[in-house]
Amino acid sequence: MSDTPSSEGLPKDAGHRLEELRNLFTSDLSVNEFLLIKEAGFHPLGFVMGSSIYHTGIQTRKWAKSQELDKLTEAMYNARELAMTRMEEEAQQLDADGIVGVRLDVNYYEWGSDSAEFIAMGTAVKAENGQSYRNKLGLPFTSDLSGQDFWTLMQTGYLPAGLVMGTCVYHIAHRGLAQTLSSVGQNVELPNFTQALYEARELAMTRMQDEAGRLDAAGIVGVRLEEKSHQWGSHTIEFLSLGTAVVRSGAEVTLPKPTTIISLDH
Amino acid sequence: MDDPSSRRNRIRDEVNRLEAGGFIGGPGRTSVTSDLSIDESLVLHAIGWEAVELVCGVSTYSIQGTLWNWGSGEIVSASMAHARALGDAVQKLRSECLGVLGHGVVGVHLEVSVERYLVNAVLVGTAVAPIAGGSPPAVPFVSDLSGRDFALLHQAGWDPVGLAHGASFVYAPRRRAMDTVRQSTQNVELTNYTEALYSAREGAMERMQRRASELGAGGVVGVTVSEGPMEFARHAVRFAAWGTAVRRSGRPAVLPPVELVIDLDDEQRAFDPASLRGSGL
Amino acid sequence: MTAGDLPPEAAGRLSSPVFSSGLSVNDFAACLQLGLRPVALVQGYCVMRWSSYGANPPVGYRPVSGYNAYGNPGVGGYRYGGVGPFTGAGYQYGPRANALSTYRCPHYYTSGEHRTWGENYEQSWLTSTWEQGYETARARMVEEAAEAGAHGVVGVVDTSSLLIDRSIREFHMYGTAVVVEGGQRPERVWSSYLAGGRLSKLVESGFMPTEVVAAMASVRTWPVCVTEMLMRGSYVPGGYMGGDPVEITQVADAQMQARRLARDHVKGRLGGHNLHGADLRVAVHEIGEGQTEVDCVLRGTVVRRYRAAEPLPPPRLTVRANG
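Residue numbers (this note's numbering), protein chains in the order written: chain A, 1 to 266; chain B, 1 to 281; chain C, 1 to 323.
Since the hints were made in silico from the structure, they are not lab data. Take these hints with a grain of salt, some might be off.
Said to hold, decoys possible - Anything over 10 Å on all C-beta distances counts as not near chain C; from chain A, calculated:
1. Phe25
2. Glu39
3. Met49
4. Asn78
5. Leu94
6. Tyr108
7. Arg134
8. Phe150
9. Thr152
10. Thr194
11. Tyr198
12. Thr236
13. Ser263
Said to hold, decoys possible - Residues on chain B that point at chain C, a partial pick, calculated with CB under 7 Å:
14. Arg12
15. Ser31
16. Thr33
17. Leu42
18. Cys56
19. Tyr61
20. Gln64
21. Trp68
22. Ser77
23. Ala81
24. Arg210
25. Glu214
26. Val261
Think of the CB as a built atom: it goes at the ideal place given N, C-alpha and C, for glycine as much as any other residue.
Take the sequences, apply the hints, and build the full model.
Below, the structure is given as structure tokens:
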């Protein structure tokens, strides 16, 4: 997982579409989000995306041993990273400072039982004051924040630095289950299972935090933990941890005191 | 309080005071359980009420000897089972409420399931009482309005008196075989279903209104209706309606003027972490 | 693995200078405003064996004496507290089921298949398994928070699901550990399902969270003949079709009992404080032959009042113009 995947260059069609975006912008932002992003001093440039179709096949696993399936972990990680990198490239072509509202999806198609398409998409934005808001690596920042969240975050004196993630594909042992079916009324912890699943989550979270560390981030907000079995059967689970790494932007701005209201709507 | 830094110091001061043992209540005091949100609790508090206890009422009634698919007119035993199940559930909710000296139950979540042989009614809500105390009424009110709605109504000079409900199950008679054949290639109204639905709707609404009048209400707010197919009875329709019966309290209405606002939130924005819990327990 | 023994991965992650937080940006902003600094995402995990008697009556199980007539709630109603020994310091149920109410057959004949007695009982071993799993996961989460030097854990999410043929149940709990800027080192790390704006309102209205709490109650019915027949629609009181509906008391009782038990289990742990934001969830399973299992989980945040409530400033009524 140490080597960053290389980008394969952008398809010709993408280049052409982006060329047209010199004068007009496209975005999947709602009007509310659009207004708040403008309010925060940014301008949307265009809808950007990246995709990668990756073979996420099978790794031999020992029936009776709980273990990380490192080859699968690496495949899942690299596939997403590649999609993200391609999305970032599109954003760079637009000379963007960052990408907001990033969504990461995995699609399975009928034509490839062991492969999947990883897609990343979002709206590229650029600061209106001419200052650069790129992250420490000189790349546009990425974040899965909505327009509203982006505005609120800016008000607290933080800036997004990048969407960070960590993943761990784990195989849970089959053996030992027979013992769980013994006498009723005895409640005991099953330490092997606890240990295995605990470790898998911690690995995913640690990897996410390491990514944030590389961006010199102050922290990560909006962390989500997802668990999916994809197409591997119930004993093999991917633990994915995702969040937006943030850096301090200097002066701390404080939000105005909220007013109590009762909405008469709905 | 208006200065952000003093607000920031507040929790620090409170934490320090708590560590010094400065809190009210503790062992020996009666605990309050409530499923109201903090907003609802605050709004209730603003009108001088508070939560007492999370209460529930459940009743299951059997539907006797019903042949769901053959017959005409109302399916009396089903309508009756529905009315009794809800009525008994309300009674149980009331007696739990009285047991903790509540004056009424707000935010009642109502769940009625109809199966081939039974009707199950589940009511869960929060018993509330005025902070000033006072003895509870002989018949506490039951309302499916949220704490916020209760407070607004209260300010506007209305009191909830109870849950008005009505349900009706009606056969949709089968078409004659000749009609079925003739109509199979035509787009025509299926009058048997139209008539049955009409009859069920009118019957249910009528019962709801009658119950509201019995409660001495001036009206019913927040009426919810429930209708839809029953998979075990293709030749029957059901219609149920319920809402909170309200009447004028005699207190003067004190509603502040309404302001117009535009908010910049999108619908799905508020993220509720509990949603991650899924549908399980 | 015992509590008090963090996995090495966790220890390494918690010592990192980068904070992580599961808070949404709104909650993050509200926490900063309240003077709470997020330090780490903390979690606890526990897997428990989960067992049940299936569709059979409990092994070695006998109806208790003192039958009650069926259909007479005045006699056969809810027996509060059951037979399980009850002490102030947590619940101590034996491995035996906790009998709640009994029902007697009103008929004058019996056959091998005729169920002459029925009983609702709490599957108290499930209650205690749930409690142990939940408490262990929470203890581990709080321990991670203490490790990170936090005062409290906010925005807690707990999930629990049955895995691998429903034979084991996992308990997972996580939340964002926060430090109160300038606050004294707490004796105990507090925890709360609330975060951000809602937590801030709670504090301003005079409450501090103490800990997240949850309890489970699982009630099984061993149906008497009447219950069984009513559930199958084959019982005709009065001997004619289309007669008055009758209440299936045993099933209704089970539903009430499960909810009340869950509430009582939680109340037993409140120590005179209040439960805020109660979330009651119920799942009903049919286990063949009119047997019902009602599982109920109640969770919420224990809050304690530190100052008398101050009335809210008069709220402003608004109408949105963006329909």
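Can you list which hints this structure breaks, lowest number first?
-> 8, 9, 10, 11, 13, 21, 24, 25
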